[in-house]
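Student: Residue numbers (the working numbering), protein chains in the order written: chain A, 1 to 160; chain B, 1 to 367; chain C, 1 to 375.
Please note that the accuracy of each hint is not assured.
[Claimed, not checked] Distance condition first, Cα-Cα at most 27 Å in a straight line; then the derived DSSO-like pairs of lysine-lysine:
#1 B/Lys192 <-> B/Lys202
#2 A/Lys12 <-> B/Lys202
#3 A/Lys61 <-> B/Lys85
#4 A/Lys52 <-> A/Lys84
#5 C/Lys367 <-> B/Lys202
#6 A/Lys61 <-> B/Lys50
In short, the hints are calculated from the structure, not lab data.
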Amino acid sequence: MKFERYGIGIAKGMRVTLRNLVRRRVTTQYPEQRLVVARRTRGNELVWDKEKCTGCATCAKTCPQGVIHIETSPGEENNYTVEKFEVDTGYCISCGLCVEACPYNALFMGYAFELAKYQRGALVLTRDQLEADGRIPSSYFRPELDETLPEQTLLIDRKE
Amino acid sequence: MELRTEPFVLNIGPVHPSTHGVFRMRATLDGEVVLDLDPVFGYLHRGIEKLAEERTYGGVIPLTDRLDYVASMTNNLAYVLTVEKLAGISVPERAEYLRVIMSELQRIAAHLVSVGSFFNDCGAYFTPFLYMYRERENICDLFDMVCGQRLLYNYMRIGGVSQDIPDEFMPALKRIIPHIRGRIDEYDQYLKENEILLARTKGVGILPRDLAINIGASGPVLRGSGMKWDIRKADPYSIYDRFEFDIPTGIQGDCYDRYRVRIEEMRQSLRILEQAVAQIPAGEVRADVPHLIRPPVGEAYAHVEAPTGEVGFHVVSDGSIAPYRCHIRAPSLMNLTALRDMIIGWKIQDLIVIFGSFAITMGEVDR
Amino acid sequence: MTAVDAAFSGAMRHLDAVPPDWPGNEWWHWLVFTVICIAFVLVMIIVVIYVERRGIAFFAARVGPNRTGPFGVLQAIADAIKVLLKENITPSNADKLVYWLAPAVVFAPTIMIFAVVPFQNGAMMADLNIGVLFVIAISSISTIGVFMAGWSSSNKYSLLGAMRNVAAVVSYEMPVVLSIAGVVLLAGSLSLNDIVLAQERVPFIVMQPLGFLLLFIGGCAEINRSPFDLMEADSELTAGFHTEYSGMKFAMFYLGEYGEAVVMSTIIATLFLGGWQGPVLPPWLWLIVKILIVFFTMVWTRATLPRVRIDQLMAFAWKFLFPLALINLLVTALEILAWPGDLPLYIIPLNFAITAALILLGSKLFKVGWGRVEV
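Take the sequences, apply the hints, and build the full model.
Tutor: Right, here's the structure in full:
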């Protein structure tokens, strides 16, 4: 093994590093600066539309982990009344198969991701939390929601 | 008077500073020289093959993501191809092109991770590692745009892909391809002729071609030893016979050759991407496949060229909604069987470099 | 008040005069300079840690610490406070006295060297007429401290790391000393102040480019900086001689590493870049600027280059740098014989040409390390 290239390889490398010294840093100082996530993000939660849901439990049957728990009872007019609808987000793997499976478009992936809790039991989304206002659905498998969400920040858009 | 020396055993524990996962090696050292190597793995075993027997055919796809977590798209593709072969489902044209685009983007991303970690093992203090990750960030943005996740995609479905690409995907991809090409050239200027890197990796850890073929190696490890074998050309799956690209090979099979093979493969992937972007038609992206699919009784094996090698799935069906048996051929595990022969005689710092040049992912090895 | 006034004005008067050799006539001369030396070293270490962390981060497209204090300048102090609050663990089999003394032996020489470094024309603690010899001798004491640390830890990996460290330092002493000898020949004196004054025309970096390269590379290797930092690197496994140290003793090793970096930068700045000379700014500020320039080059090489293997490190010192250092000394001596008095300036291109020729010739003949060993 000889000392090929007489040290020129090292010099070229140092020139490339010097050029990268003056380029823009790619770090985003969270939480003062935030990036906008993708429109189709499969966040850590689910958004449930109570009006459209009929209690068929296709989502619960499709879930590979079995995190959706549904209890129904017979209602008037030959349909189900949904009594209990709970999602255990601590065990959910955010695969999105439930959203694809729902035949009535009643289930959406959530857009928010800053949802850490202090206790594992608090990660279970009960019915009251699912029915609360202000939950933004993402447009995963629901392309009609694309216009309601802001545009994603791409790294290639940030100028050097 | 003779100096009495005795070899001692050094445990390179499951937790170690290289970024390759939980892999334990017990090396017998005589001073600095490695005399024997005893690999111990299984620290990441999660029972994926057993779990696959309890999920429906569609529900196994998120499990296959977690095998080689650095390159999820190709794992998804391998499983989906097997089930389609078993059930005789044909895939629409646009879905095939989308699969090729995603696979090649995934190959670039996985090779960036492998090469970056390799330089980290050689000792360059995180700088080339972070440069590679900065370029991979663009590809992760694209995947985020398509399927909503940055690492474990769950994008391929039996009969096509999950959903169509949004409108801003193609313009972004057309900007990213020349950007990555320029950056790979720049990092070549930085590292290809660096004397210290050449002294550390040239001639180190030579894998002879016969040994590579005998142990069933595949991927850049096999191609680095001079064997021109790529499943995309030897046994084309999907629509790979419509694209033209070369297969880069190394000369002697040392660590430097494997690194060069990965860089050249990235350039060939960019070529395939440009052709696919130019040729993609409009149309459906998902065939009409029932939700709980029951393939006919039988078995099938399909393989793809993943970034680490040949990933194969052997699925046995007994007519119900869950697979009867799903066996996974993990390329990293097959490549690792040559580790002991390659390392004996080198020093302990070469052990780190040689192990890094394999670029294995422990999720695949342990399943 | 008047006593302090008199002391202060006396110190200020002495900053311009040539001080007497050690021991001095006025008792406060050495006291003032002791304080200056210790303060200078500690402040420079904090500045240097900041430059290194931010520099490596900027090279790698990151930001580096910027939360503690404005722009992150207090990060080193935060680290020091954290380390002070940690528990000092002593291994049960350790040799207690040697174990406790080792960090001090490593750190103390870095401050002692500043006794002979000129901050201004004649402003130093002791203008020894053997200044360069003093510097080389004292900087070798840290190696004893390293070996004491490795031996007393009663851990076979620490001992291995310490032995490797001692072997590397001793190997790289030869090119370093020979390149300094070249400078001494040009300046005609061993006193550091005289060497700086001899660079009034041109700094010695242009007269002796090969000597500068040798001192820079050898200096990096002596202080265990990348690309020669295999003694304490993260992705190597034998964790080095300071494995068993924790708490403030570990902080002494950490400070000692950056202290040695400051010392090596100071030596290079004084011997090759012209010390305190410069047009507009005050001289001590020029010295600090030159130290930071040399240190920035060290950070640049650390961010860029991968690590060498141990046998490649030794081979590089003995087979490549040592013959080049000998030839450098021979050529310098021949030049001084051929042109007695001041060397003419047209020798500079000749020196650069000789440097390039020697590097090419050495690269052709030099074989890097061993290959595979038959087992």
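Student: Would the pair A/Lys61 and B/Lys85 pass a check requiring their Cα atoms to be no farther apart than 27 Å?
Tutor: holds (25 Å)
Student: Is it true that the CA of A/Lys52 sits at most 27 Å from the CA of A/Lys84?
Tutor: With a Cα-Cα distance of about 15 Å, the restraint between A/Lys52 and A/Lys84 holds, given a limit of 27 Å.
Student: Next pair to validate is A/Lys12 with B/Lys202; report whether the Cα-Cα distance is within 27 Å.
Tutor: holds (19 Å)
Student: Does the alpha-carbon distance linking C/Lys367 and B/Lys202 stay inside the 27 Å limit?
Tutor: holds (13 Å)
Student: Has the given pair, B/Lys192 with B/Lys202, been kept, meaning a C-alpha gap of at most 27 Å?
Tutor: Since the Cα atoms of B/Lys192 and B/Lys202 sit roughly 11 Å apart, the hinted pair holds (cutoff 27 Å).
Student: Within a Cα-Cα threshold of 27 Å, do A/Lys61 and B/Lys50 meet the stated pairing?
Tutor: holds (19 Å)
Violated hints are absent here; each numbered hint is respected by the structure.
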